[in-house]
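Number of protein chains: 2
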Amino acid sequence: MNGASHLMDFLDEPFPDVGTYEDFHTIDWLREKSRDTDRHRKITSKSKESIWELIKSLLDAWSGWVVMLLIGLLSGTLAGVIDLAVDWMTDLKEGVCLSAFWYSHEQCCWTSNETTFDDRDKCPQWQKWAELMTGHSEGAGAYVLNYLMYVMWALLFSFLAVSLVRVFAPYACGSGIPEIKTILSGFIIRGYLGKWTLLIKTVTLVLAVSSGLSLGKEGPLVHVACCCGNLFCSLFSKYSKNEGKRREVLSAAAAAGVSVAFGAPIGGVLFSLEEVSYYFPLKTLWRSFFAALVAAFTLRSINPFGNSRLVLFYVEYHTPWYMAELVPFILLGVFGGLWGALFIRANISWCRRRKTTVLGRYPTLEVIVVAGLTALLAFPNPYTRRSTSELISELFNDCGALESSQLCDYINSPNMSRPVDDIPDRPAGPGVRIALLQLALALVFKVVITIFTFGMKIPSGLFIPSMAVGAIAGRIVGIGVEQMAYHHHDWIIIKNWCRPGADCVTPGLYAMVGAAACLGGVTRMTVSLVVIMFELTGGLEYIVPLMAAAVTSKWVADAFGKEGIYESHIQLNGYPYLDVRDEFTHRTLAADVMRPRRSEPPLAVLTQDATAVEDVEALIKETDYNGFPVVVSRQSERLIGFVQRRDLTLAVKTARQKQDGVVSSSVVYFTEDPPQLPADSPQPLKLRRILNLSPFTVTDHTPMETVVDIFRKLGLRQCLVTRSGRLLGIITKKDVLRHMAQMMNQDPESIMFN
Amino acid sequence: MNGASHLMDFLDEPFPDVGTYEDFHTIDWLREKSRDTDRHRKITSKSKESIWELIKSLLDAWSGWVVMLLIGLLSGTLAGVIDLAVDWMTDLKEGVCLSAFWYSHEQCCWTSNETTFDDRDKCPQWQKWAELMTGHSEGAGAYVLNYLMYVMWALLFSFLAVSLVRVFAPYACGSGIPEIKTILSGFIIRGYLGKWTLLIKTVTLVLAVSSGLSLGKEGPLVHVACCCGNLFCSLFSKYSKNEGKRREVLSAAAAAGVSVAFGAPIGGVLFSLEEVSYYFPLKTLWRSFFAALVAAFTLRSINPFGNSRLVLFYVEYHTPWYMAELVPFILLGVFGGLWGALFIRANISWCRRRKTTVLGRYPTLEVIVVAGLTALLAFPNPYTRRSTSELISELFNDCGALESSQLCDYINSPNMSRPVDDIPDRPAGPGVRIALLQLALALVFKVVITIFTFGMKIPSGLFIPSMAVGAIAGRIVGIGVEQMAYHHHDWIIIKNWCRPGADCVTPGLYAMVGAAACLGGVTRMTVSLVVIMFELTGGLEYIVPLMAAAVTSKWVADAFGKEGIYESHIQLNGYPYLDVRDEFTHRTLAADVMRPRRSEPPLAVLTQDATAVEDVEALIKETDYNGFPVVVSRQSERLIGFVQRRDLTLAVKTARQKQDGVVSSSVVYFTEDPPQLPADSPQPLKLRRILNLSPFTVTDHTPMETVVDIFRKLGLRQCLVTRSGRLLGIITKKDVLRHMAQMMNQDPESIMFN
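Just so you know, the protein sequences line up as chains A and X, in that order. Residues 714 to 1467 (the numbering used here) are what the first sequence spells out, left to right. Residues 714 to 1467 (the numbering used here) are what the second sequence spells out, left to right.
Treat the hints as calculated values from the structure; they're not laboratory data. We put the beta carbon where it would ideally sit given N, CA and C, even for glycine. It is possible that some hints are incorrect.
The calculated label-pair distances, taken between Cβ atoms and stated as ranges, are [to be verified]:
1. Arg1308/A x Trp1268/X: 33 to 43 Å
2. Trp765/A x Arg1300/X: 16 to 26 Å
3. Leu1078/A x Lys769/X: 53 to 63 Å
4. Asp1386/A x Gly1374/X: 30 to 40 Å
5. Arg1212/X x His1200/A: 51 to 61 Å
Using the sequences provided together with the hints, build the complete structure.
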């Protein structure tokens, strides 16, 4: 653990790569922490020397806050730009603004300001494609032309998106959250959070969302924010050179990402804490909150939705809910849980099929086919034709008196003279019936198409499609309950809470509860889900329905499998992720897990004073272990330390090149003072400085649950196993993960990295 | 770690106390966790046997939620009852309701409903003492009589409070948060969360707050909620028999306590996470949230404030803030930080004086003297006469058009015809000037008296007095800024953001910012503080000022000393609390900290097969260590395990009593199979079952920062130190804490418990 620090003391600039990690390897949290403390100690002691050093040390102390500020500013800006671009390009599929082609439908109609509120959808400046090309806006021909243009744009956007991803940044695909979870848990994937990924992901995200595919921008925004975080890390050596500190920044960046995705800073911090982060010290909590707030305020000052709200679907309800309504809310929770479980199973088996069969070889074709199918099926239905966030926004909203939506086509009683906020329950008109049918079709469509969409080679988030499924189901249930309450005032169960002429049921609330339930079922978020929804409604009032649905949904979904969609994708990809939430309850001991097994050759060890340089080189060549224990002698097997393969290779190589007299027969010494050697023996090689003198050990009798706990909490890469002071074997993170997979009747070979 | 589990297997009911802890001792988190896993495993395997066992296992799985529900219900109810009682008894100091003596002033005037809103303070049913006794409500005589009655009631209440605490439950005094932090970090203080403490703390809290002392009920409410949590733990063996699981429940209970104290469920959860909890798994987060919500809704259904709000000082502001206002906000932050630092120093040195001098011997007298002084000085000033929460509520509130308070005595322009919400800045009238003077006096009074009040032998919270200090300062600053902006419209800095006739400055917001700053300075809360305040205002709008003040206040206060008031009191009491936030950055190694030191006698160890029962008994008698390492032999010093003193004592005692043939010369075996002994040798005593075969070890070269990290994250009691497989020494939690104290130039002897 203090290998790196010792090294720094003895040599000025010894091996530039010492203490770094290879790609697709796990970091050692304790070592990173130790290195940061060394750095800090050095700066502190230097700061007493001169004013300049003091200023430098203050700057260093402040750099964390600066990084947070920059992350907040950039991710807020990017989110705003993405929102505006998506808005414009989604509308481009329908038509174009004559006064300025870069205006979206809504902006176009705002600027041509003659129209009143009611018919703002019909403004002369905005022309659908058919109207623009043929001059006719009505009729079958115009419909077909608009249909064609819609599909064409969708194909174009999706083709562009998948091509850009494939050519420039393959890591830009997917939601990114599974990988970010893995990275935050201490894994290295170089380039995953790089500048190219940031750029390409931002662009292709816009294209993918605009193409009308059943995907959202919320998950990828977390990835984008983390890329920003990584980008700004490189400005400060404190973060760029320490993988542990870097991950603190990334945790905060994830919070900023969710903050701008949902306009929920507190929810974002809790999401980062609950869902993605691994090591989350309190300092990070505070900084995450700062980054999330800056991001939210940046986004608000860009004001992409023109309503000074952070999200499209901010809502305010006016009527309370009643105890009896908990029954439909819980039913929605059950639905959400079932949908979550079904979705995860279906999506994972489809992704596995893609990975293993010929299907995976044509990702571009796959995206184009799915996009084409989506566009073809989506256009005829007004609820799927528009963007999914708009759909959710409409479903969440309560029907006001001025609402022109088909969903609000209720039959008004003639003597309505109440204030706008308090409209009593009314019977549904024909528009509502049509809307219900269309919504039902939209539900089936979304459920099926999302399964095939998530996991394709384009940026794709899952929050919005899940919420859409839940919101549709919720709204249908809500209208059903409302009509039941209206038509059956005399039923005992209804009589108690709903007088005739009162506004009892808020279908929009049902939509929101349904959305929470489905999102919960898919992701298994709990507190952060409820807090995000709470920040959308802004009232404690509705927390209980949301919570009831979230709890039910989680329980129902958990009954079919403990993993959420992100964990499932981590497993699918074989990343070495040690979930904090998995409880290991088996009775195995460290001795059952450690290598070497009984049938295997003995552990590859080095002795402290009896190994020649050529033996070391042979060991490095013949094995691919990440490190070697060093013992007093092969007989006593008493452990004195652990040396990393990477450090050992570098040290031997450097010594061979630069240190005179080091030959193949030179003896490698890990002891403090090599003995006096005969004059004719070759120059010894002293390597104590790269030896970690405090390797982590457990006894062979240690229960595996304790070992798992230690790996999790201390973020170890490996741990040595001893019995009464003798070295018996080694347990690596991969061994732990494979053992856990085996215990859960999964394929241990699915864990691929170390 | 698996000693306990082994024991369970071999003997049915061997030593009833095995695996429990003595009072004022530290628990072993790993062992507790291991025991819970064993329990869980047993239940799971049994649940497959019969339907009845399956139901039992389901009940067991649900018990966590049941406990949370009960905690929420009880702590919400208690908070409501306390609020109502405090309300009534505070008013009792002034007068009594003729129609029903159990009505508070407000309730009394509500029920006598003839009065209009404006003069609701003057209702015939409510009589001040002077009026009741002499019939006169005006004049110097009446004033003096009222004054006397006020002081008399204060003395009576405080005398009752201190007597009840001293006679029935000494643990009921103070805020309880330092002790709860220590308990949650794994310390045992029996009775601290007991039934008596719950009862007495609830009653005396009402008395103490009603007596008018400068203290609040918020901190003690956390203690009360934790007592509820402990009470309900005893219903389920899952929690009552496992100190680790019990602490999960207590963490959630703390969240419920803050939730009802401030009406802020999310803030409560974050408070528990940030401030009091030590081990906070994600499962606990979700359950805490549930408990906090149930508590909040229970309190709301009791509705103690008659406004369907959870707290007296819920506010809604109508005007935004401007960038330039950040300057006074940050100044308030500086004030808060200074006040926090000053308060902590002064209070700690006063408490230390109380502890070490004759003063501590007369706690009852002290309370009565302080209460008398407080009442004497408080009565003449209307801002200190009323209860502190009412004061804060008034300071937070913006001046509406209907406001009759002196603070809102602005000079209205004659042509005022605006809506109520949007009153422009106006010049201050004479009432405001008088109010400012009185507020300044109140500020000085509160600052001084709070230092002497916190730490007396009565329940006393610190949140309300701190917030009051900040709110007074903030309101004064706010009015100052408002008047400056009104009178100097032409100043460049003001011209930019404040047109004449506009409502630019909200003095109530300044009060809130000041309150946050002072609370932050004293407690060093960060995220939870901002979230609690956010939940009080209910708008993202005002988070930036609050955050700016909180950050400034923390930085300023930290410059004078890192510890908040709770940590300082923990230190004062010498509790073994290993703060998660302290960064250990010194270069010491495990070898520097371990016992025995070089000059000391060697470590007391047992050998695995060569110690006689009498030697063991002698060892137990002569030393007071909490446990003994077991080695292969004294020569090789190779460690095989660790045995707890308590278990060893019990095992030897039980064997002596119940096992035939065990005599003083019997050999104690810790090996798996004792060798075949000659026929005439005494019966051996096999103790492998109480041996912990997986003691935690580190090498002597391990940096102390890593050791501290391990102790913190794994919750160890002790850790053995080895070098190349040989046992060298032991490090206990106490050693770690003493070493940390020494490194920070504090008295290591102040850490008193192990």
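Outcome of the hint check:
no.	hint	result
1	Arg1308/A x Trp1268/X: 33 to 43 Å	50 Å, violated
2	Trp765/A x Arg1300/X: 16 to 26 Å	25 Å, holds
3	Leu1078/A x Lys769/X: 53 to 63 Å	56 Å, holds
4	Asp1386/A x Gly1374/X: 30 to 40 Å	54 Å, violated
5	Arg1212/X x His1200/A: 51 to 61 Å	55 Å, holds
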